[in-house]
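Student: Listed below are the residues making up each chain.
Number of protein chains: 4
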Amino acid sequence: MRILLSNDDGYFAPGIAALAEALSGFAEVFVVAPERDRSGASHSLTLDRPLSVRRAPSGFHFVNGTPTDCVHLAVTGFLGFRPDLVVSGINHGANMGDDTIYSGTVAAAMEGYLLGIPSIAVSLVGRELNHFSTAAAVAADVVRACADDASGAPYLLNVNVPDLPSSAMKGRRVTRLGKRHMAEPVVRSVNPRGETIYWVGAVGAAQDAGEGTDFHAVANGFVSITPLQVDLTQFSALSSWQERLSA
Amino acid sequence: MRILLSNDDGYFAPGIAALAEALSGFAEVFVVAPERDRSGASHSLTLDRPLSVRRAPSGFHFVNGTPTDCVHLAVTGFLGFRPDLVVSGINHGANMGDDTIYSGTVAAAMEGYLLGIPSIAVSLVGRELNHFSTAAAVAADVVRACADDASGAPYLLNVNVPDLPSSAMKGRRVTRLGKRHMAEPVVRSVNPRGETIYWVGAVGAAQDAGEGTDFHAVANGFVSITPLQVDLTQFSALSSWQERLSA
Amino acid sequence: MRILLSNDDGYFAPGIAALAEALSGFAEVFVVAPERDRSGASHSLTLDRPLSVRRAPSGFHFVNGTPTDCVHLAVTGFLGFRPDLVVSGINHGANMGDDTIYSGTVAAAMEGYLLGIPSIAVSLVGRELNHFSTAAAVAADVVRACADDASGAPYLLNVNVPDLPSSAMKGRRVTRLGKRHMAEPVVRSVNPRGETIYWVGAVGAAQDAGEGTDFHAVANGFVSITPLQVDLTQFSALSSWQERLSA
Amino acid sequence: MRILLSNDDGYFAPGIAALAEALSGFAEVFVVAPERDRSGASHSLTLDRPLSVRRAPSGFHFVNGTPTDCVHLAVTGFLGFRPDLVVSGINHGANMGDDTIYSGTVAAAMEGYLLGIPSIAVSLVGRELNHFSTAAAVAADVVRACADDASGAPYLLNVNVPDLPSSAMKGRRVTRLGKRHMAEPVVRSVNPRGETIYWVGAVGAAQDAGEGTDFHAVANGFVSITPLQVDLTQFSALSSWQERLSA
Numbered sequence: 333m334r335i336l337l338s339n340d341d342g343y344f345a346p347g348i349a350a351l352a353e354a355l356s357g358f359a360e361v362f363v364v365a366p367e368r369d370r371s372g373a374s375h376s377l378t379l380d381r382p383l384s385v386r387r388a389p390s391g392f393h394f395v396n397g398t399p400t401d402c403v404h405l406a407v408t409g410f411l412g413f414r415p416d417l418v419v420s421g422i423n424h425g426a427n428m429g430d431d432t433i434y435s436g437t438v439a440a441a442m443e444g445y446l447l448g449i450p451s452i453a454v455s456l457v458g459r460e461l462n463h464f465s466t467a468a469a470v471a472a473d474v475v476r477a478c479a480d481d482a483s484g485a486p487y488l489l490n491v492n493v494p495d496l497p498s499s500a501m502k503g504r505r506v507t508r509l510g511k512r513h514m515a516e517p518v519v520r521s522v523n524p525r526g527e528t529i530y531w532v533g534a535v536g537a538a539q540d541a542g543e544g545t546d547f548h549a550v551a552n553g554f555v556s557i558t559p560l561q562v563d564l565t566q567f568s569a570l571s572s573w574q575e576r577l578s579a
Numbered sequence: 333m334r335i336l337l338s339n340d341d342g343y344f345a346p347g348i349a350a351l352a353e354a355l356s357g358f359a360e361v362f363v364v365a366p367e368r369d370r371s372g373a374s375h376s377l378t379l380d381r382p383l384s385v386r387r388a389p390s391g392f393h394f395v396n397g398t399p400t401d402c403v404h405l406a407v408t409g410f411l412g413f414r415p416d417l418v419v420s421g422i423n424h425g426a427n428m429g430d431d432t433i434y435s436g437t438v439a440a441a442m443e444g445y446l447l448g449i450p451s452i453a454v455s456l457v458g459r460e461l462n463h464f465s466t467a468a469a470v471a472a473d474v475v476r477a478c479a480d481d482a483s484g485a486p487y488l489l490n491v492n493v494p495d496l497p498s499s500a501m502k503g504r505r506v507t508r509l510g511k512r513h514m515a516e517p518v519v520r521s522v523n524p525r526g527e528t529i530y531w532v533g534a535v536g537a538a539q540d541a542g543e544g545t546d547f548h549a550v551a552n553g554f555v556s557i558t559p560l561q562v563d564l565t566q567f568s569a570l571s572s573w574q575e576r577l578s579a
Numbered sequence: 333m334r335i336l337l338s339n340d341d342g343y344f345a346p347g348i349a350a351l352a353e354a355l356s357g358f359a360e361v362f363v364v365a366p367e368r369d370r371s372g373a374s375h376s377l378t379l380d381r382p383l384s385v386r387r388a389p390s391g392f393h394f395v396n397g398t399p400t401d402c403v404h405l406a407v408t409g410f411l412g413f414r415p416d417l418v419v420s421g422i423n424h425g426a427n428m429g430d431d432t433i434y435s436g437t438v439a440a441a442m443e444g445y446l447l448g449i450p451s452i453a454v455s456l457v458g459r460e461l462n463h464f465s466t467a468a469a470v471a472a473d474v475v476r477a478c479a480d481d482a483s484g485a486p487y488l489l490n491v492n493v494p495d496l497p498s499s500a501m502k503g504r505r506v507t508r509l510g511k512r513h514m515a516e517p518v519v520r521s522v523n524p525r526g527e528t529i530y531w532v533g534a535v536g537a538a539q540d541a542g543e544g545t546d547f548h549a550v551a552n553g554f555v556s557i558t559p560l561q562v563d564l565t566q567f568s569a570l571s572s573w574q575e576r577l578s579a
Numbered sequence: 333m334r335i336l337l338s339n340d341d342g343y344f345a346p347g348i349a350a351l352a353e354a355l356s357g358f359a360e361v362f363v364v365a366p367e368r369d370r371s372g373a374s375h376s377l378t379l380d381r382p383l384s385v386r387r388a389p390s391g392f393h394f395v396n397g398t399p400t401d402c403v404h405l406a407v408t409g410f411l412g413f414r415p416d417l418v419v420s421g422i423n424h425g426a427n428m429g430d431d432t433i434y435s436g437t438v439a440a441a442m443e444g445y446l447l448g449i450p451s452i453a454v455s456l457v458g459r460e461l462n463h464f465s466t467a468a469a470v471a472a473d474v475v476r477a478c479a480d481d482a483s484g485a486p487y488l489l490n491v492n493v494p495d496l497p498s499s500a501m502k503g504r505r506v507t508r509l510g511k512r513h514m515a516e517p518v519v520r521s522v523n524p525r526g527e528t529i530y531w532v533g534a535v536g537a538a539q540d541a542g543e544g545t546d547f548h549a550v551a552n553g554f555v556s557i558t559p560l561q562v563d564l565t566q567f568s569a570l571s572s573w574q575e576r577l578s579a
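Residue numbers (this note's numbering), protein chains in the order written: chain Z, 333 to 579; chain G, 333 to 579; chain F, 333 to 579; chain R, 333 to 579.
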């Protein structure tokens, strides 16, 4: 089994190293990841310049591009073969609810899925992030549990692991995405040259975090696994818009 | 009525100028757009540095950030008031089917929607793009048709206008997103210094472009309007994953 | 007479517009300038990606690169002819003393000079910068006074104009570069996410600003003109190093 | 003795690792280098956003900025002490003649010098670059030979080492900078989307490479050491310009 592993924190991040090691127990792992931290890069594809790949002493490859670039480049040309699975992570921090839209970690996995390959995004939820190796083991278990799927149909899973020691981990929950409150306003400040600047503010707290959501599962010590799809059509609203806008 | 207008092609692009003029016929328009072409920036949010805003002689404001940054910054602090509508575009080129995931134009509108404001993304579909002012008039009509919604509930619309003279325009269709074939492989090349480089290849042709899709509407001379939602949960697959992964 | 005009503040900056207009009185002016503010870009040449050129409605061309890129690209391929003169500016702010090493404005002119073309960098010194058109007229006079040089040998001039009304302007002084005190320390701060960040501090005040320097001339209401060269060899120290390091 | 070590190829480059090891034989070495390849960044200082520092597992620190940023940040705030020496390199490739104006490697050392600290830039000259450890040993020898200077006056040295086995190395030469022919024209090309792009061309071959120059020394198997200064004033031309431009 050959796994393409990427992330959005950069090829040097502890999360990807932990996951590479855990996956190596049962698969051949190929790392193609951004050369620097691209958190928040989302689904950005680099169209206005070419990409380059280099190899670090660790054997990991790094690209001067986004997480989506890395998976796109690896699958459609660089690797020279089609991986059986794309894994992205372990992200340093949660990707739950609306985060999935902005997340470079999810974007890397989604790119694999759009290219027809089963793909899994893995994030570690917490502030201090002390349990990367536990999270890596948990993620590797999920990967193995999925990998025996004989159907061959691609899927896209968003996995969030609470930052807990394995003794405190409660098991797995398949969830739907919750929803956050609106983000905090931008923080207006002044730089040392006296110019007004704005920092994007903190993400909102969980709003829809009831039972069944990713937020709820993780808050209760479970690994959250959410199957995702990529069709943004709001099917339930098609007919009412039809009435209003037809012309 | 106060409209925040942004795009991903940059504040100087002909598309945003045409749309600003058309919307000015019935609304107060505030332009906050990227300082340079950020096509493909998707939902990128700039977290690792602050943002600055400048004012062009045209009165348009431009930001050293992404389309999402522009809307986020404008709504959560810079404008000083809450716009009634966010409009993004007119994009130079189509945003249909899977494009919506990568599109900075759609991302800007989606940011407005996530902040609770009705939002509309507008793209011009074609190669030569000769009919910006027709497209702007068409888009302005859609905006006006939506704006009398008394419910106050936010919505997110993805509008694609064929690049046709108004005489050839057939009307409006409310559609679902189609689907593209996989993208072309990366194009391997060598730069003048002899180093291997890779260009992201062309997007795939339409795959699911049957009746009812955005591709089909535009190909037949109609303006395509797709209502979007942002919850990526694949609800239909929750129970089967529950069976497989519960532990 | 054909003049290539560039800057480091971006093609949309008031300084370059004022200078383009003043030079148009006696020369054909071609503007090729950065698409965004690249102050502090120094002599950066973009080697890891290709450059693109676009044309603004004003007729100015803009490049997704540095000031040096702009001049390099224009002279060695884009223009299709060899300009008689390269002018860079009017920069928004001083470029005196050690500033010349960091200055993108000076770098653009230096690139012209290294390509064998007489080149002049122009900067406006002051805080509020109210007198761009006066500075442009003064700079145009310098350009005309230089342009009748029959020798054909390239030269490199660094011109700094005080931000004064023409009535208060005292004339021209040919000067040597002064020297600044060391820059202020970096300003340590914390971003809204709690991470330590550092801002580069303010430049130092003038240290060597005695008679004969650019600082002195401008402080006394004169236009400062400093001829520059680009050989950094410290000839006076060759023999002592020879003694110490020969092996 | 405490040495600040930086470069422009990125903190992960083989050249800086080799030099760090060689210098560790007789000094305490602190590495603060760019997070990614910034070749050609020249003296760029990052003014429009703050800088961040991270620590790699190797103990090296890396910065989201230019070589000049790294030295500036380390000396004026991050290190917390004033290093006795700034060393930059080993650069992957030559920095001779006019290269010194564009070189990020030289810029990093020059920043140390402008901050009042003795500073040395080291580059490896060749195509395949097989002899990093030899070059590191040679550079360490130069550093040691300089370090016993009791005068305390800062100096700036530009060292170029030929890529030879130690058996073929001929000794040291103190040199002046040579001069290159003009760079090759930009290379016009078309990207996969059909847009015209331009690559900056190759640097010119050596033009002034006679005896006494850095080019000549390296071509003959010697380590070239050029003392540099940073005052760009063309003193020899002051009086003739005085005559022409006085007004």
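Keep in mind that the hints are not guaranteed to be accurate.
Because identical chains cannot be distinguished in the list, a pair is counted as satisfied if it fits within a single copy or across any two copies.
In silico EDC-like cross-links for lysine to aspartate or glutamate, where the CA-CA straight-line distance does not exceed 20 Å [said to hold, decoys possible]:
(1) 511 - 460
(2) 511 - 563
(3) 511 - 480
(4) 502 - 353
(5) 511 - 473
(6) 502 - 473
(7) 511 - 416
(8) 502 - 563
Calculated directly from the structure, the hints in this document are not laboratory data.
Student: Of all the hints given earlier, name the ones this structure violates by number, lowest first.
Tutor: Of the numbered hints, 1, 3, 4, 5, 7, 8 do not hold.
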